[in-house]
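**Student:** Make the full structure from the sequences, and use the hints.
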Amino acid sequence: EAGVTQFPSHSVIEKGQTVTLRCDPISGHDNLYWYRRVMGKEIKFLLHFVKESKQDESGMPNNRFLAERTGGTYSTLKVQPAELEDSGVYFCASSPGTKRGADTQYFGPGTRLTVL
Amino acid sequence: SQQGEEDPQALSIQEGENATMNCSYKTSINNLQWYRQNSGRGLVHLILIRSNEREKHSGRLRVTLDTSKKSSSLLITASRAADTASYFCATPNFGNEKLTFGTGTRLTIIP
Numbered sequence: 001e002a003g004v005t006q007f008p009s010h011s012v013i014e015k016g017q018t019v020t021l022r023c024d025p026i027s028g029h030d031n032l033y034w035y036r037r038v039m040g041k042e043i044k045f046l047l048h049f050v051k052e053s054k055q056d057e058s059g060m061p062n063n064r065f066l067a068e069r070t071g072g073t074y075s076t077l078k079v080q081p082a083e084l085e086d087s088g089v090y091f092c093a094s095s096p097g098t099k100r101g102a103d104t105q106y107f108g109p110g111t112r113l114t115v116l
Numbered sequence: 001s002q003q004g005e006e007d008p009q010a011l012s013i014q015e016g017e018n019a020t021m022n023c024s025y026k027t028s029i030n031n032l033q034w035y036r037q038n039s040g041r042g043l044v045h046l047i048l049i050r051s052n053e054r055e056k057h058s059g060r061l062r063v064t065l066d067t068s069k070k071s072s073s074l075l076i077t078a079s080r081a082a083d084t085a086s087y088f089c090a091t092p093n094f095g096n097e098k099l100t101f102g103t104g105t106r107l108t109i110i111p
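From first to last, the protein sequence lines stand for chains Z and B. Heads up: the first sequence begins at 1 in the numbering used here, then just goes up one per residue. Heads up: the second sequence begins at 1 in the numbering used here, then just goes up one per residue.
Simulated from the structure, these hints should not be mistaken for laboratory data. These numbers were taken from a predicted model, which means no experiment stands behind them. A virtual CB, placed ideally from N, CA and C, is assigned to each residue, including glycine. Among the clues, some could well be false.
[What the hints assert, rightly or not] A few chain Z residues that don't get close to chain B, going by computed Cβ distances all over 12 Å:
(1) E14
(2) K15
(3) G16
(4) T18
(5) V19
(6) P61
(7) N63
(8) F65
(9) T70
(10) V115
[As the list claims (entries may be wrong)] Below 20 Å or equal to it, Euclidean Cα-Cα: the simulated DMTMM-like pairs (lysine to aspartate or glutamate) are:
(11) Z:K44 - B:E5
(12) Z:K41 - Z:D103
(13) Z:K44 - B:D7
(14) B:K70 - B:D7
(15) B:K56 - Z:D103
(16) Z:K78 - Z:D56
(17) Z:K51 - Z:E68
(18) Z:K54 - Z:E68
(19) B:K70 - B:E53
(20) B:K26 - Z:E42
(21) Z:K41 - B:E5
(22) Z:K41 - B:D7
**Tutor:** This is the structure we're talking about:
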């Protein structure tokens, strides 16, 4: 079974440009999460989808970030316009949703975003 | 305030020795999870321990949980060079599933 995949693995853009990150969760997983690790700090939650609905987006830093999950399958995270402080590693994770509060979240390899 | 804090922040040991990392958290939990991140790679789930469990084993890993002290420890026995990585504890919030991560322990195994 394929794991969580993320694309691209690396992205280098200039300040003010737009970048879209993609995450493909494990097939059949209802829950999809985005996290990021900025400048070697702790990994922080961004948002949580249950199927196509945003369950919790309390971690989204500002309105320059837009996440979608079309049809409850893959998800995209768009940053527009990108700022220097957006640099970091963006992780996606998925879980089945069958054991509330006890599901293991399976993480993708992350997308390393560098904003110059 | 930060939910999870690992101790120590960095640890270097000789190959074959045991490595112990500690994690403290502040709120009530349903479970606590440990993850590993190798340099430049994604997070790998190592082990999940539920709040009603005190100890759990998986291969060379041993995790303990003390809910009265709000702390957990991860022991890696007979360390190998491949264990070099950053280790994070994480706890899900009650009522939702988002994980709160600690700052991590950077473990270096010296061959």
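**Student:** Against which earlier hints does the structure fall short, listed by number upward?
**Tutor:** Those not satisfied come down to hint 12.
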